[in-house]
Amino acid sequence: MEHCPLKPEGDTRDHLVVIGNGMAGCRAVEELLARDPARYRVTIFGAEPRVNYNRIMLSPVLAGEKCFDDIVINDADWYAANGIALVAGDPVVAIDRAAKTVTTRGGVTEGYDRLLIATGSDPFIIPVPGKDLPGVIAFRDMDDVDTMLAAADAGGDAVVIGGGLLGLEAAHGLSLRGMKVTVIHLMPTLMERQLDEAAGWLLKQALEGRGQTILTGADTAEIVGNGKVEGVKLKDGTLIPASLVVMAVGIRPSVALARDAGLAVGRGIQVDDHMVTSDPAVLAVGECVEHDGQVYGLVAPLWDMCRSLADGLVEQPTGYRGSVTSTKLKVSGIDVFSAGDFSGGDGCEDIVLRDASRGVYKRVIVRDDRIVGAVLYGDTADGNWYFDLLKKQEDVSQLRDLLIFGQAFAAGGGAADPKAAVAALSDDAEICGCNGVTKGQVVSCIVKGARSLDAVRGTCKASASCGSCTGVVENLLALTLGDDVQSGPKTMCKCTSFGHDDVRREIVAQAMRSIPEVMQKLHWTTPDGCSSCRPALNYYLLCALPGDYVDDQQSRFVNERMHANIQKDGTYSVVPRMWGGLTNPTELRAIADVVEKFNAPMVKVTGGQRLDIFGIKKEDLPAVWADLNAAGMVSGHAYGKSLRTVKTCVGSEWCRFGTQDSTGLGVKVERMSWGSWMPHKFKIAVSGCPRNCAEATIKDFGIVCVDSGYELHVGGNGGIHVRATDLLCKVATEQEAMDTCAAFIQLYREEGRYLERTAPWIERVGVEYVKRRIVDDAAGREALRARFLYSQSFSQDDPWAQRADGAEAEHHAPMARFIPQERAFLEEMGA
Amino acid sequence: MTTAEWLDIGWVDQIPVRGSRTVQVEGGDDIAVFRTAEGKVFALLDRCPHKHGRLSQGIVHGGAVACPLHNWRISLSTGEALGEDKGCTPTVPVKIDGGRVLICRASTLKAAA
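Chains as they are written, first to last, in the numbering used here: chain P, 1 to 831; chain E, 1001 to 1113.
Among the hints, erroneous ones may be present.
A partial selection of chain E residues facing chain P, derived with a Cβ cut-off under 10 Å [to be verified]:
hint, residue
1, Pro1049
2, Gly1087
3, Thr1091
4, Pro1093
Chain P residues, not near chain E, derived (Cβ > 12 Å throughout) [claimed, not checked]:
hint, residue
5, Gly262
6, Gln567
7, Glu619
8, Trp654
9, Gly718
10, Ala813
Everything labelled a hint here was simulated from the structure, so no lab data went into it.
In this text the structure is predicted, and so the values were computed from the model without any measurement.
Virtual Cβ for every residue (Gly too), placed ideally from N, Cα, C.
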C-alpha cells in the first residue's frame, strides 16, 4: 500500500493520529467526518497491509460465501477523498507522550495533537507445547484466512480449539472447504457464554449432522508434530490428527503499546465516558478499551463508543454508558441468536417455545416485567426485536402472553387483548410456523366450513403440529364465526388443550422421554397432571420407547401398581396365568394351598377361563405370588390394560367337530402376547370350529378355525354395549394367524387412545382402515409385527416374581404400626 | 421423636413422591400419609367418604388424591371431596422434624376409633 503525503503544505489543523486501521479506528474517523469533516487532519496507521475491511465478515470469506473485495468497508478512494493519510503494513511500535509523537517499526515518526488508540485485540494462544509449530494459527485477520484456505486446498484434517462463536465459524468454513474438522471445546456446552444448555445441544446436533466432530469437555494437552503440526493430544490421551490447528479460544485487548506509554491499563486501556484515557490527549476505542470495568469483544459496542468519541472530539460530549451485547452465529443454515443474561435465577421467569419439527428453540428471560435475556435457535427473526425491548428496558407485561411468538403477534396492535392482536395481523402473517399457514388461509378455511379447531387442523393444518399457535387459531375462529364456534376436539383432560392423538404424535415427533417433559413441552396447565392424563402419558411413552422408558409407578392405576385387582373392601384378588385355559395338578394344588394358607374367602372361575383367588391382603401379596411362582405360574394380568386371557375350546384334539388345534394355538398366542401393555384390556379367544364355543366373536381378537384355515375377527366386546366382531381376513396357517394377531395388537397399541377398547376404536377409524393397514399392506403388517415382538422382548418379565423377590416392598408394607391399647406402642417397619 | 402429642412414623424419604404409605392403627382404619410432587406431606384417614376406598392406593396429583374405586378427588389438605362430589375424610395434622414425619397422636386415635 502506498503512503499518502503525511503533511500537506500549509495545513494548520490539529493532527489526529489513529493507531489501528480496523473497524473501530475507521468507524471513529467516519463518525468524526460526519460531524465536522474539516476539523482535524487525520493520519491512520494500520498493521495490516490493506485498506479497512469488515473483520466480522472473515467467516463468510473463509466459507467461500464472500471474497475480500466484498468485505472492504473503505477503499483507497475513501482515504484520498477525505484527505486521510494511511500508513498500512507498518505498525506503530512506540508512543512518546511527552513529545506527542508515534514511531513505526519502519522508523517513521509522526507528531500528533490528539492520539486515538484502536489496536483491537489479540487472539489468545493457549500455552501448550507445540503452540509455535507451523500450521498452528489464530483466526483474527485476512492473513489467517489465507493460511486456512491454503491448508484447505491441500485437504486433510483440521482441529479447531475452541467451540465459541469464532471457533465454530472457522470450523464451518474449513468443513465447507473440504477438510475433516474436529472441534475441541473445554466446556460441556458449545458457545456456553452465549447459549444455554438446550440451544447448545441443538447446535451440537446440527453441526455433527454436517459432518463435524464435536468434542466437548475436551482439554488440550499439547500440539504434536515434527517441524510442522501433525496432531493435537488431549489430556485424556486421545490423539487427533491435524495438518492445521486453529486456536480460537478467546481474545485479549491489545494493550502493550498503551502500557509501554504509561497509560492506565486494567484488563484493557481504561477510558472515561468520552473514550479519553488517563492522558487527556490520548483517546482509545474498541476492543482494546476497558470502560466501567467492561471489556467488549463484539462489534455492536464499538458503534456506540465511536459515536461518543466523535461527539467528544467535536466538543459536543454525550458520553458512552456501556453496551448490552447480542450475538449471532454466522454459520449459514444455522440460526443462533443470544442477548443479555440468560442464566436465570431468582425472580426470573422463563418463557419457552419449542418446536421440534422446525428445530426451533426460543427462550426469553423476563425479570420484573422486563426482558433481561433471550436465546433463539432455529428462528432468529425476532432477535432484534427482543434485543430492542431489552435495551430499552420496556415493560413487557402487556405483551407477555404473546411475547414468545414474536413481534408479528405481540406487537400487532391492541397488545393487551390477544383477540385484538390477532385481528390486527395482516392476511399474509404466518400463523402456523410448522405448516406455513397464513392468517388469510386459516380464515378462508374457516369461512369454507371449518367451524372447530379440529376442523381447521384437519383442513389447512394450522396448529396441527406443535400446537403453539392453538390460541391464535381459536381467536381466529371466534373472530370469524362469533358465537358459531363449535367446541374444540375432546381434550385428554382438563390439564391440556390437546387431544390424545395430538399428544401421541408430539411424543413421537419431539422424541419426548418422560412425563414431566411432555407436560413441559405441551404446556400442561397443572404441575403434575391428574389421574386421567398421567396413566395415559405413562402408557404412550411406554409404547413409544420400548425397553427405554422407565415406567412411572405413581402414574399407574392401583391395580397395575399392585399387580392385583383391588376389591371394595381394600383387599385384592389374584389370578394366576393359565395358558390357553389349560391347567394341571401342580398348579391346582398350589392354588388350593394358597387359598388355605392365606385364608382366601372365595375362589371363582372367571369368564376368561381362569381361577380368581379373592380376599388377599396387600401385605400378603408378595408371599402369595412367591408360592404361585414356585408352582410355575406367573401373573395373569387380570388387573391390567393389557392382554387378559386367551380363551379356547378343546379343538380337534378332543372335539368331534374340531377342525384345528384351537387349544394349542391359544397357548401359542398367549405366550406371544402376554405381558404387553395396551390402551385398554384386551381379550382373545380361539374357537376350534364355527360353533364358536370360546365366544371368539365378542373378543378384541377372535380366531375361528375352519377346515381350510383360520378366520380372524376383530373389535368384539361383550361389555355394556355388546358388539360382534368384524371379519378382518381369513388365513391358511397358524403362523399367519399369529402374525396377523401381533400386527393387529401393535396397530391398536400405537393408534388406540388410552382407555379406548378395540370396539370403539374400530368404530372410530373404520374396519376398512384396519384392513388396509393389516391385510392389504404386507410390508406394513410385517413392520407392525416386528415392532410388537421387539416391544414384547422387554415386557415378558413376570412382575410377580420381581415383587416376590422384594422389589418395591414399600407398596405392600405399612410404614408404621400403631397399637393404642399398649400405651401407644409404635413400631417402625423399616422399608 | 415420639412424644405425648406426636407419633414419629419414619423418614420422609420412605414415602414415594406423588405416592403414599400407610400407618396401621390396631382396632381402627389405617392412616394414609401422602407426599406430593412439591414435597409436602399430608395425612388422612385411609378411607374415601364415598365407598370407603383406600385413598392410599390412589393417584396423587397436585394437592389431591384420586380414590382408586370411583375416582373421587379428595383434597389432601382439607379431606374434602373436590368438584361436584360432597363428603369429607378426617385429616391428621403432620409435621416434619429433621426429615422425620410426625403425625398428631390425638387425631390419629380419634380418626381410627
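Okay, the hints, checked on the actual structure:
no.	hint	verdict
1	Pro1049	15 Å, violated
2	Gly1087	16 Å, violated
3	Thr1091	17 Å, violated
4	Pro1093	15 Å, violated
5	Gly262	61 Å, holds
6	Gln567	9 Å, violated
7	Glu619	9 Å, violated
8	Trp654	42 Å, holds
9	Gly718	23 Å, holds
10	Ala813	8 Å, violated
The structure shown violates the earlier hints numbered 1, 2, 3, 4, 6, 7, 10.
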